[in-house]
Amino acid sequence: MISEGKKRIWNEYQKEIADDHYFYVRSCVRQNFFPGSEKTFLKIMQHELGKDVYENPSHTTCTGIGYHSDIVPFETAMTVIARQFALMTEAGYENLVTSCITSFGLYSEVLETWHHFPELLQKIRMHLKNATGREFNIPKNLAHASDLIYKFRNNIAAKSTNRLINKQTGKPLKAVEHIGCHYSKMFPSKGVGGAEYPYVLIGMIEEWGGEVIDYPERRHCCGFGFRQYLVMANRGYSIACSRKKFESMEPYKPDLILTNCPGCPMFFDRWQYAISEMEGKTYGENDHGIPVLTYEELSGLILGYDPWDLGLQVHQVAVEPLLDKIGVQYNPLEKYQGIDHKDLGKPNMPSILKFY
Amino acid sequence: MKQFGYSINPDRQIDYDLTDKSLLSFIVSFEPSLLSCISCGTCTATCTAGHFTDFNIRRVHTLLRRGEITTLKKEIQKCMLCGKCQLACPAGVNLRNLIRSIHVAVEKFNV
Amino acid sequence: MGKSVIIIGGGIAGMEAAARIAAMGKEVILLEKSDQLGGHLRKWDRLFPTRRKSDEVFEYLSNGLNDKVTIRLNIKINKIKKDDRHFFVILEDGESLKSDALLLTTGYDLFEAGKKEEYGYGIYDNVITSADLEAMFRNSAEIKTSGNQKPRRVGFVHCVGSRDEKAGHLYCSKVCCVTGVKQAIEIKEKQPDTEIFCFYMDLRMFDRYFEDLYYEAQQKWGIQFIRGRLSESCENPDHSILVKVEDTLTGRPLKMTVDLLVLLSGFVPSSDTNKLADMLGLLPGSDGFLTPVDEHFRTNETQVDGLFLAGTVKGPATIENTITDARSAAISIIKYLEK
Chain U
1 MISEGKKRIW NEYQKEIADD HYFYVRSCVR QNFFPGSEKT FLKIMQHELG
51 KDVYENPSHT TCTGIGYHSD IVPFETAMTV IARQFALMTE AGYENLVTSC
101 ITSFGLYSEV LETWHHFPEL LQKIRMHLKN ATGREFNIPK NLAHASDLIY
151 KFRNNIAAKS TNRLINKQTG KPLKAVEHIG CHYSKMFPSK GVGGAEYPYV
201 LIGMIEEWGG EVIDYPERRH CCGFGFRQYL VMANRGYSIA CSRKKFESME
251 PYKPDLILTN CPGCPMFFDR WQYAISEMEG KTYGENDHGI PVLTYEELSG
301 LILGYDPWDL GLQVHQVAVE PLLDKIGVQY NPLEKYQGID HKDLGKPNMP
351 SILKFY
Chain A
357 MKQFGYSINP DRQIDYDLTD KSLLSFIVSF EPSLLSCISC GTCTATCTAG
407 HFTDFNIRRV HTLLRRGEIT TLKKEIQKCM LCGKCQLACP AGVNLRNLIR
457 SIHVAVEKFN V
Chain L
468 MGKSVIIIGG GIAGMEAAAR IAAMGKEVIL LEKSDQLGGH LRKWDRLFPT
518 RRKSDEVFEY LSNGLNDKVT IRLNIKINKI KKDDRHFFVI LEDGESLKSD
568 ALLLTTGYDL FEAGKKEEYG YGIYDNVITS ADLEAMFRNS AEIKTSGNQK
618 PRRVGFVHCV GSRDEKAGHL YCSKVCCVTG VKQAIEIKEK QPDTEIFCFY
668 MDLRMFDRYF EDLYYEAQQK WGIQFIRGRL SESCENPDHS ILVKVEDTLT
718 GRPLKMTVDL LVLLSGFVPS SDTNKLADML GLLPGSDGFL TPVDEHFRTN
768 ETQVDGLFLA GTVKGPATIE NTITDARSAA ISIIKYLEK
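Chains as they are written, first to last, in the working numbering: chain U, 1 to 356; chain A, 357 to 467; chain L, 468 to 806.
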């Protein structure tokens, strides 16, 4: 590997990321999949970095799931997104940041469409006005939340209590980074580092002391693919995609998988369980899986947050081996306790995949 | 093992590093002219069997070259050895002997 | 005083045109930007399809340059002006050269393979270009991987930067197919245990004896041809390269490990050609190469009176075609000067 070659490409794909004052739009599914992630993002941005991040409770889905499942027509999607822009404009913000990769992709697609077809923008303005009486400005800056964590990765490192270093051996932890397809495959210039060698997550891993694995199936999709997963009969396709990636990364012995999409961590995490039950195969050490984290969860660990506050107990692949390597302090007895020690209930144990 | 209502799709990708080329080497030693194939498809265009079954001698041969041999025995039964393919081939591949070699090979290697 | 010609570009076309014009008694100034004549020819070991040493062609071209030819190396051109009868080529240091006719033989550049990011040139150690491989032949070196091992398997990728809308080059570069086949055979000759695969879209073996070379590659050397364009290459843990391609003739995606991957980079208009065309008011064709007044009958003349073109400045061409075209330009120029 010639690292200079990658740096040359990364230099060609530097996007502008606003410095402060963001209007934040959430993901439809992440609060179910990884309930601590968005809260952690807000905590880091507002309390650690002192940034102004505003969210409006009346914002809705961007319709991305429906759009990519062929249920919601593009014009409807554009009008719904125009409404989010109206909420942003009314609140006095100009920079929009999305939690979801598919939202980021769809927002980018809508802005690009309006850029090339201004008459469509006029039409959507009219639709929104007729339907809601609202008007809007186009955001000056559109970013994905992982762009912001990337931008402030040094500030996070400066405040960190943990690093991606194996406490026992002193060696960097090996991380697989997986970028959501809709982050930069459609518009390479909208993603930090482009589409072939995206840098957004690599930047975090390297800054926080870890080592990135470049494995052959790095570019392959996790297999979520919306309509593939949503129809149960098609899930064999979805799981086959994830397995292809696990088989490819396994020889490198990764300590964790880091993601920036709602679907990818969900499927990497859950499919490892499903594969273990279907084929008896596990991909981590000693019948463990490979822990899968969102970038917010990883940032939280680096900043020394309690893993159970980050929501790591809802992962299907046990995160404890990773926590032990990093040297994160945690109380195993509190794993299934919610706020005020409320008992969350303990899940059934898998038959093969080791879980705590 | 748990039943989830679906199974893991098999991979359609040919993994050339893992496929079995021993049959190919054996057949090439019998009929080296198959190396001259230019994949033009003239053989398949004229093939009697290919007009009434899904037999495609050009594709069967290409799959053999990749080491994909699981369907070879079944496929090769469809040929009637009429020899029209050989008559038409512009690259001088001895197709009748190729097919006979494949018959010998699938028995020998018990494919 | 006799009439004179300035030739810009001291590659094959420039050298041969200079020799022919000088042989007919005209003064020639041959300008070259680098510190040696011969252009891309100097980077070749053996040429297709004859397998002749490139140095023999260079020697022939050099021998043609008699005392009527003034060779100027390391030249940077600042400006070109023209009045009714003369061209004035003004160099960077202010020196002005005057001539009655001007011939552009500024050739081509090799497509920068790193622009095809997905192929990993400049990123993965064992991805090289056909020019890098030719340099290994020229140094009589063993063909080795970055880990100093003999490669067990080598892949050749055809059409890198050619026939590619995303690379900005829709045209075929013509000579890459035969270059790949020639190089594949040469690896087999040196290291017969190597397995070789060529990944192609169409094999364009258009010229005399090219098809024979392809036949030899298959029949004699067992070089294999897989019809499909690489989607990407990746690095395995041992630094070998995993390539992904559709094997279009079986209709299946295919992956394969190669120890060395050779990218057959295509031709692009040279950066100097673009600059000079701007100075001279020449409009390039849709492919960026320069175009003569008539592509059948006036193949070396331009819209500018007294300004001529020869060689790969007009698009991809073989060495044989380039030499022939340079002679044709020489005839047109002599005819123009004697008008």
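Heads up, some of the hints might be wrong.
Straight-line C-alpha distance at most 20 Å; calculated EDC-like pairs for lysine to aspartate or glutamate [as the list claims (entries may be wrong)]:
1. U/Lys253 x L/Glu702
2. L/Lys711 x U/Glu217
3. U/Lys140 x U/Glu277
4. L/Lys722 x A/Asp371
5. L/Lys582 x U/Asp20
6. A/Lys358 x U/Asp340
7. L/Lys582 x U/Glu196
8. A/Lys377 x L/Asp660
9. L/Lys711 x A/Glu424
10. A/Lys358 x U/Glu217
11. U/Lys7 x L/Glu699
12. L/Lys722 x U/Glu4
13. U/Lys7 x L/Glu702
14. L/Lys722 x U/Asp287
15. U/Lys174 x L/Glu702
16. L/Lys549 x L/Glu702
17. U/Lys185 x L/Glu699
18. U/Lys244 x A/Asp373
Cβ pair distances, simulated, as ranges [unchecked claim]:
19. U/Thr169 x L/Asn606: 36 to 44 Å
20. A/Lys377 x U/Glu250: 19 to 27 Å
21. A/Met436 x L/Lys687: 31 to 39 Å
22. A/His459 x L/Lys687: 50 to 58 Å
23. U/Glu12 x L/Phe764: 40 to 48 Å
24. U/Glu250 x L/Glu609: 48 to 56 Å
25. U/Asn141 x L/Arg518: 27 to 35 Å
Simulated from the structure, these hints should not be mistaken for lab results.
C-beta atoms are modelled at their ideal positions from N, C-alpha and C, and glycine is treated no differently.
Checklist entry - For this structure, which hints from the list above don't hold up? => result Violated hints (numbers, rising): 3, 5, 6, 10, 12, 14, 16, 22, 24 and 25; every other hint is consistent with the structure.
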